[in-house]
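This is what each chain is made of:
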Amino acid sequence: MTPHMLTRSLDRGATIFLLVVAALGVLIPLSNLLLPAGSFLQVPTYLVALWGKYVCYAILALSIDLIWGYCGILSLGHGAFFALGGYAMGMYLMRQIGTRGVYGNPILPDFMVFLNYSKLPWTWYGFDMFWFAALMVLFVPGLLAFCFGWLAFRSRVTGVYLSIITQAMTYALLLAFFRNDFGFGGNNGLTDFKDILGFNVQAEGTRAALFALSCLALILAFLICRSVVSSKLGKVLIAIRDAESRSRFLGYRVESYKLFVFTLSACMAGVAGALYVPQVGIINPSEFAPGNSIEAVIWVAVGGRGTLVGAALGAIVVNYAKTFFTSGVLAPYWLFMLGALFILVTLLLPKGIVGTFSAWREQARERRPAATTASAAAEDGITEPKMAE
Amino acid sequence: MPTKLSARFCSFVLSLFLIAFALPAFAGPFEDAVAKFANDDFSDTDEAIGVVAGSGNKLAFPIISALQDGRLMADPDTKKVYVTGTDGKSIDAATGEAVASVPDSASAVRLNNRLRRSVDAALGSLTLQSPDLVARLQAAQSVFKSHEETALDPVEGALAKETNKSVKTALGEARAAILLFKSDATEVQKLEAVATIKARGDQDALALLSDIGTDQPASVAKAATSAIGSIQSSLAVWSSVQNAWYGLSLGSVLLLAAIGLAITFGVMGVINMAHGEMVMIGAYTTFVVQEVIRTRYPALFDYSLLIAVPLAFLVAGGIGVLIERSIIRFLYGRPLETLLATWGLSLVLQQAVRTMFGPTNREVGNPSWMSGAFELGQITITYNRLWILCFTLAVFVILLAMLRYTALGLEMRAVTQNRRMAASMGIATSRVDALTFGLGSGIAGIAGVALSQIDNVSPNLGQSYIIDSFMVVVFGGVGNLWGTLVGAFTLGVANKFLEPVAGAVLGKIAILVLIILFIQKRPRGLFALKGRAVEA
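Top line first, the protein sequences correspond to chains S and F.
Residue numbering for the first sequence follows the UniProt record's numbering, beginning at 1 and increasing consecutively.
Residue numbering for the second sequence follows the UniProt record's numbering, beginning at 1 and increasing consecutively.
Treat the hints with care, as some may be off.
Covered stretches of chain S (chain F as the covering partner; in silico rule of three or more C-beta atoms under 8 Å from a C-beta of chain F) [to be verified]:
#1 86-98
#2 167-173
#3 189-196
#4 203-209
#5 273-279
#6 344-356
Calculated from the structure, these hints are not laboratory results.
This structure is a prediction, so every number in the text was calculated from the model and none was measured.
Note that beta-carbon positions come from the ideal geometry of N, C-alpha and C, so glycine has one too.
Please build the complete structure, drawing on both the sequences and the hints.
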């Protein structure tokens, strides 16, 4: 009975969350574009870009929560998938610059001219077409996650070992992408973008549209995660999280389930990265830094591991705090706060904000008179078939 | 006796000067040669260099070195040559007499590349008899490289007088180099020269032999070819030895950084992401100790590291116990949460150090017994790397002995093997936990003392080691100190052997990828503990 009530209350939370995201996705761009600049209700363009960044982080947080919260895989290298998606998009944007670059080369991006490339490396073929780049945004992180996961899960690398080798993976990519001769812009990364699908990246309209698209992507990602975790597959994932060996002994092919959800999660992270890059205007190797990936994990922990709404909220709350504190006089103390957040959340708030809140509500409900509980149970009976689907 | 001699020598030189003064019109070959610098003709200048360098005159060295630096000024009208000192004062090159100022019509004597070589050779032979041992050795080396025929007489002269063994060898090699390139040297002389150069056997010898030209007698050319072959193969061996040494050195650094982790992660199963910060705290302890010594007791500087080692152990160990009591003990059995909390802790510690000591690198000095290097065959071994290797092995042995033979070590092993049984036997498990964690952290602090000698002491010091340390422990096998030892040295040596082939960064990436693949094959590391547990 208890899990049903939890699911239902989350369902309500999920609905509210989706409505809020949809409303923001429509209202913020409209207010930015239609209201006169400087008016009280007008959202300035820089805020649109900033919130667009938060929304991308929220998608990344969802992808981490999907594997950590529901399958117990703690990846400390999810920033790598995010950055790879970002690089795929960045490569498309670089190819769009064309002759408007500093060196005016129609084919080669500026940094390649600078490094004396005579022709385009094969890795850059096709990135002048948007559909190809969009495919790569899903395919490259997905392929890496598939290969990595296939090797790791098949040989039953679990727990902290998996965490450490995912960290080594993103560290290795960081070192590789920092190299100039790796062909992806070296330590400067890719930047100086001009336009996307023919629209100027810097224009207000484009930024507003990108924000709306990010919100749409967040909603879609949420719905995909939701349908995965509430399906029968999701039940198996939770079983694997709680008792991996027992699930294996019961006849489930644990590694296949894990591989599926890990790859799906990597693709989502890639999409988040791809939406992130045109909004911040740069992608460089520091996105691969192991610290970034761990920070993304803490967003999920703050919001509530195993609650999808919590993951997205955690990403937004922590990043809002980061922007707030790193821009003022408190800037030198931000790392203290972030560090303390890691420690306090794991010690005192292991379920995160949303998890603690729903546990608290559940307790309050149990203390209510029996009659109310009975009617709640009846409602549960109605919702049950829906859940079994 | 020596003072008397030198006094006599001085008076002799003085009288020479007086003669020079008294008879300015009676110009000797030295003065004639000096005047040739004023002709502004490259072949005259060359001739002048040869005569001046061979004259044995006291002014020869200042003149030639001034020529090299463009400080030799010549007046084409009066044919007078002046040496402008680095301090701006000038002397007449022919007499050594101080002059008030160099006339405006004088300009610096010009050189071309061929002359520059003669100048180098001349300077080389001039310093061959310098009283300074290092200067003589360097002069002999520079003659070896330039092998100018004009240097043959000075080299042979110096060789006859030389008493120091290493300088004598160097001079012999220089002589051999000259003879090898001298067109009128006999075949026997040349063959001997090849043998001498072959015995030297380094990169310079190889370069010299490879460029002897085609106009050599057949027997010499053949001897040279075989010498090149044997030098090359011995150099290849030496370069492997050097790689192995670098690998051992890197391995010792890795082991030092990982050995504390082998205790906390390997024995206790606690993921301590703040381990690197314990290393950093050890390094900063060294910095503070050295600062205090510098300002208060400068005489103790050579003992600074000996003082820093126990202090760093206590400071880092104390912080470790504090961390265990306040954070980690609440998280036993939740490894992923421990990982996150200790990561947060590492951010806090880094920022705290940044606030206290500033974000820039701090200077930590090497005590005299750790600076410098010595040569072993063809490789150079620096004392600090050697000491760190010895120190690491000592720490390893002490730690191993501690776990094996002391009461605390016994209790630690008991608690890790079966916590509840140990508790039933009366072991205070929570005390053992705190002490074990403190021990691991303290050893990280000691590692910081050693690493402060070879790395930048900055708040980010720890972060650069944390991933490598985890790789070592995971590769070697968790819960096994011997595994950590083998893992560290294997990774260090593999890294250094890959570096020349693939480059430093690609080599490192290759190692990371290899470890990731290795973990697929042996998920519990090289030396896995055998047990019945399905899940660790």
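Hints versus structure:
Coverage of the segment 86-98 of chain S by chain F is violated [criterion: at least 3 residues with CB-CB distance below 8 Å; count 0]. Interface restraint, the segment 167-173 of chain S with chain F: holds (5 residues with C-beta to C-beta distance below 8 Å; minimum three). Residues of the segment 189-196 of chain S lying with their CB closer than 8 Å to a CB of chain F number 0, which falls below the three-residue condition for coverage. Here's how the segment 203-209 of chain S fares: 0 of its residues keep a CB closer than 8 Å to some CB of chain F, so the rule of at least three is not met and the hint is violated.
For a cut-off of 8 Å, the count of residues in the segment 273-279 of chain S with a CB near a CB of chain F stands at 0, and the three-residue condition is violated. Residue count for the segment 344-356 of chain S with a Cβ under 8 Å from a Cβ of chain F: 4. That meets the three needed, and the coverage hint holds.
Of the numbered hints stated above, those contradicted by the structure are hints 1, 3, 4 and 5, listed in ascending order.
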